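Please build the complex by placing chain B on the supplied structure of chain A, with the hints as guidance.
If you're matching them up, the sequences are chains A and B in order.
So in my numbering the end of the first sequence lands on 338, straight run, no missing numbers.
So in my numbering the end of the second sequence lands on 338, straight run, no missing numbers.
Since the hints were derived computationally from the structure, they do not count as laboratory data.
Just so you know, these numbers come straight off a predicted model, no measurement behind them.
Calculated pairs, DSS-like style, for lysine-lysine (alpha carbon to alpha carbon, straight line, at most 30 Å):
no.: 1; chain 1: A; residue 1: Lys252; chain 2: B; residue 2: Lys202
no.: 2; chain 1: B; residue 1: Lys202; chain 2: B; residue 2: Lys224
no.: 3; chain 1: B; residue 1: Lys332; chain 2: B; residue 2: Lys26
no.: 4; chain 1: A; residue 1: Lys179; chain 2: B; residue 2: Lys179
no.: 5; chain 1: B; residue 1: Lys178; chain 2: A; residue 2: Lys277
no.: 6; chain 1: B; residue 1: Lys332; chain 2: B; residue 2: Lys78
no.: 7; chain 1: A; residue 1: Lys178; chain 2: B; residue 2: Lys178
no.: 8; chain 1: B; residue 1: Lys43; chain 2: A; residue 2: Lys178
no.: 9; chain 1: A; residue 1: Lys332; chain 2: A; residue 2: Lys224
no.: 10; chain 1: A; residue 1: Lys224; chain 2: B; residue 2: Lys252
no.: 11; chain 1: B; residue 1: Lys179; chain 2: A; residue 2: Lys178
no.: 12; chain 1: B; residue 1: Lys44; chain 2: B; residue 2: Lys31
no.: 13; chain 1: A; residue 1: Lys252; chain 2: B; residue 2: Lys252
no.: 14; chain 1: B; residue 1: Lys202; chain 2: A; residue 2: Lys260
no.: 15; chain 1: B; residue 1: Lys26; chain 2: B; residue 2: Lys43
no.: 16; chain 1: A; residue 1: Lys86; chain 2: A; residue 2: Lys31
no.: 17; chain 1: A; residue 1: Lys252; chain 2: A; residue 2: Lys224
no.: 18; chain 1: A; residue 1: Lys43; chain 2: B; residue 2: Lys178
no.: 19; chain 1: B; residue 1: Lys179; chain 2: A; residue 2: Lys277
no.: 20; chain 1: A; residue 1: Lys147; chain 2: B; residue 2: Lys252
no.: 21; chain 1: B; residue 1: Lys78; chain 2: B; residue 2: Lys31
no.: 22; chain 1: B; residue 1: Lys147; chain 2: A; residue 2: Lys224
no.: 23; chain 1: B; residue 1: Lys202; chain 2: A; residue 2: Lys277
no.: 24; chain 1: A; residue 1: Lys43; chain 2: A; residue 2: Lys31
no.: 25; chain 1: B; residue 1: Lys277; chain 2: A; residue 2: Lys202
no.: 26; chain 1: B; residue 1: Lys224; chain 2: A; residue 2: Lys252
no.: 27; chain 1: A; residue 1: Lys147; chain 2: B; residue 2: Lys147
Not close to chain A: a few residues of chain B, all C-beta gaps over 12 Å, as computed:
no.: 28; residue: Met1
no.: 29; residue: Glu3
no.: 30; residue: Glu51
no.: 31; residue: Tyr52
no.: 32; residue: Gln55
no.: 33; residue: Asn118
no.: 34; residue: His119
no.: 35; residue: Gln120
no.: 36; residue: Thr182
no.: 37; residue: Gly222
Simulated DEER-style distance windows between Cβ atoms:
no.: 38; chain 1: A; residue 1: Leu278; chain 2: B; residue 2: Gly222; range: 33 to 39 Å
no.: 39; chain 1: A; residue 1: Gln120; chain 2: B; residue 2: Gly287; range: 53 to 59 Å
no.: 40; chain 1: B; residue 1: Asp74; chain 2: A; residue 2: Ser24; range: 45 to 51 Å
Where is the CB? At the ideal position from N, CA and C, for every residue including glycine.
2 protein chains.
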Amino acid sequence: MYESIAVVGATGAVGRIILDQIESRKLPFRKLTLLASARSTGKKIQVGSQEYTVQPLVPEAFEDIDLAICSTPDDIAKWLVPEALKRNCTVIDESGAWRMDDRAALVVPEVNPEALKNHQGLIASPNCSTTQMVVALKPLHDAARVKRVIVSTYQAASGAGLGGSRELEECTQAVLQKKEFTPEVFSHQLAFNAIPQIGSHKEQGYTSEEMKMVYETQKIFGDKSIRVSPTCVRIPVTNCHSETILVETERKLSVEEARKCFEEFPGIRVIDDLDQKLYPLPNECTGQDEVFIGRIREDLSCGNGLNFWCVSDNLRKGAATNAVQIAEALLKETPVSS
Amino acid sequence: MYESIAVVGATGAVGRIILDQIESRKLPFRKLTLLASARSTGKKIQVGSQEYTVQPLVPEAFEDIDLAICSTPDDIAKWLVPEALKRNCTVIDESGAWRMDDRAALVVPEVNPEALKNHQGLIASPNCSTTQMVVALKPLHDAARVKRVIVSTYQAASGAGLGGSRELEECTQAVLQKKEFTPEVFSHQLAFNAIPQIGSHKEQGYTSEEMKMVYETQKIFGDKSIRVSPTCVRIPVTNCHSETILVETERKLSVEEARKCFEEFPGIRVIDDLDQKLYPLPNECTGQDEVFIGRIREDLSCGNGLNFWCVSDNLRKGAATNAVQIAEALLKETPVSS
Chain A
1 MYESIAVVGA
11 TGAVGRIILD
21 QIESRKLPFR
31 KLTLLASARS
41 TGKKIQVGSQ
51 EYTVQPLVPE
61 AFEDIDLAIC
71 STPDDIAKWL
81 VPEALKRNCT
91 VIDESGAWRM
101 DDRAALVVPE
111 VNPEALKNHQ
121 GLIASPNCST
131 TQMVVALKPL
141 HDAARVKRVI
151 VSTYQAASGA
161 GLGGSRELEE
171 CTQAVLQKKE
181 FTPEVFSHQL
191 AFNAIPQIGS
201 HKEQGYTSEE
211 MKMVYETQKI
221 FGDKSIRVSP
231 TCVRIPVTNC
241 HSETILVETE
251 RKLSVEEARK
261 CFEEFPGIRV
271 IDDLDQKLYP
281 LPNECTGQDE
291 VFIGRIREDL
301 SCGNGLNFWC
311 VSDNLRKGAA
321 TNAVQIAEAL
331 LKETPVSS
Chain B
1 MYESIAVVGA
11 TGAVGRIILD
21 QIESRKLPFR
31 KLTLLASARS
41 TGKKIQVGSQ
51 EYTVQPLVPE
61 AFEDIDLAIC
71 STPDDIAKWL
81 VPEALKRNCT
91 VIDESGAWRM
101 DDRAALVVPE
111 VNPEALKNHQ
121 GLIASPNCST
131 TQMVVALKPL
141 HDAARVKRVI
151 VSTYQAASGA
161 GLGGSRELEE
171 CTQAVLQKKE
181 FTPEVFSHQL
191 AFNAIPQIGS
201 HKEQGYTSEE
211 MKMVYETQKI
221 FGDKSIRVSP
231 TCVRIPVTNC
241 HSETILVETE
251 RKLSVEEARK
261 CFEEFPGIRV
271 IDDLDQKLYP
281 LPNECTGQDE
291 VFIGRIREDL
301 SCGNGLNFWC
311 VSDNLRKGAA
321 TNAVQIAEAL
331 LKETPVSS
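The shape of chain A in the complex, shown without the other chains:
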């Protein structure tokens, strides 16, 4: 049982789902504090049967908090995480600010729970596009050792927060009514379009979002020899990221063997019957906590390759659900109090 939990960024797209998940998964706690930026301070939010007033996000807010689950922009996370740690508050951080820091464990509980042992107070949750991919890769890696991954993403507007979802809807309305629209959240019109850039230019022609998929995957598997070749694309989908994944393994995996690996893995659901037009669709996976896999087939271009299609709710398993699952796993690992 946690004595006192804080949810930071409680009014954001992910923050709201973190609160839902704490309630619906019955994460045990005595006290819950909701923190957010000045703009949202004073707002009232219902969690289960109780109403909470959003408190200001200041360093002192972390006094007497056991665990903070934080979903904020990177720049906020940069200052708040040290302030929380300094006050002996364990932090689960959703931002991209700390994931590759040596002091942070980077954890997807189904994939690398061992990284929670001897953590130093800071556990980062991976980027949404990485999380669903590493869940999909894990059973294949255990069975046949993953050597190389080629991934193209089809990412939803909600990955850019509530503002992203709103802009997609407003932009779509404008295009249908043949009205002018100036995008603010996305760098170009997203409605009826595909934007091959998520994040800024990071290195060697790759974006920050793409390099997250490279580095975070290697850190989670603890294996820098796993090579990842990513292209991240924003498409006009409201919620749920989709990915085409080609994985090359050391040992050849048949389609049947791969399907069995997926089906037996916790947190994965296989929907795969092309003749019946059955495969995961973003509009059907939204609001669900699993990683969905379909279109499993042998790669035609390489001996040990396997192609599949992977969809997951980027706000849930890609963010909120994974954070709350980390909180659950931490409780088993190092009971803060009981």
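Same frame as chain A, but now just chain B:
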């Protein structure tokens, strides 16, 4: 100069652009006949300064026609092509019915003009998703020999014809207004969704659209050793297909060398400056005849790999423009009359 050209399927999404292209590219002819199914017979269509009445598509219509440019469903193409050939009419066929037939040349004029020599009267234009890819691959193949291609597509509604474009718009309206919508053209709701199936289940878990990319690419390059690993996905874009392409070459190509290859190739335009957020976007490439390339970068997962993003108007270079370019090339190759 052609004595007499027929455009078959003149009222369809591609047919209309074929007529535009014949006019704007000034394909030389003396007589033009517009043919279409019974439903469209009698319709009047303006081409340049002249009005044409759509004639019924019957076998006798091909008497005294030099060249028929045909854009029809596969089942129509199956019977009409032999009827036209039998009447000594050269056929440029957009459908998927004849492309892999040994009697058909499969041609993209910039890529394999040599296939037009000694053709047997039937020239097929490749599938839209193949055409833009082989244009992009050709200069790389010439420079460094393409061995393997991994491609994920982001395909537009217009690939399913006028009905596809209409359904995307109606479906989008319905979703925004929270109304029920039953898709008819697409197998699932396309608005705010991504459908990882185009065409029917063909073989080994791949769809017919995907296998077209495999077989047509090999036929166009005359090289069955080129291995293609495709995933075809329909996304809610009105027009223009996008593709993420990872190409592995025999000899290593630097990014600079690849960019130069692309820039010097006819029919390709490079838009590639990530820092300035410049790359091809489907909503900006619509209505243009070129194949657009951006996001050119070295693959991080393999020594001789190159990643890029490729966008083209599937109704133009992917269909109508390529057909009219074949007609132009044929005229140089084997002047039907002069």
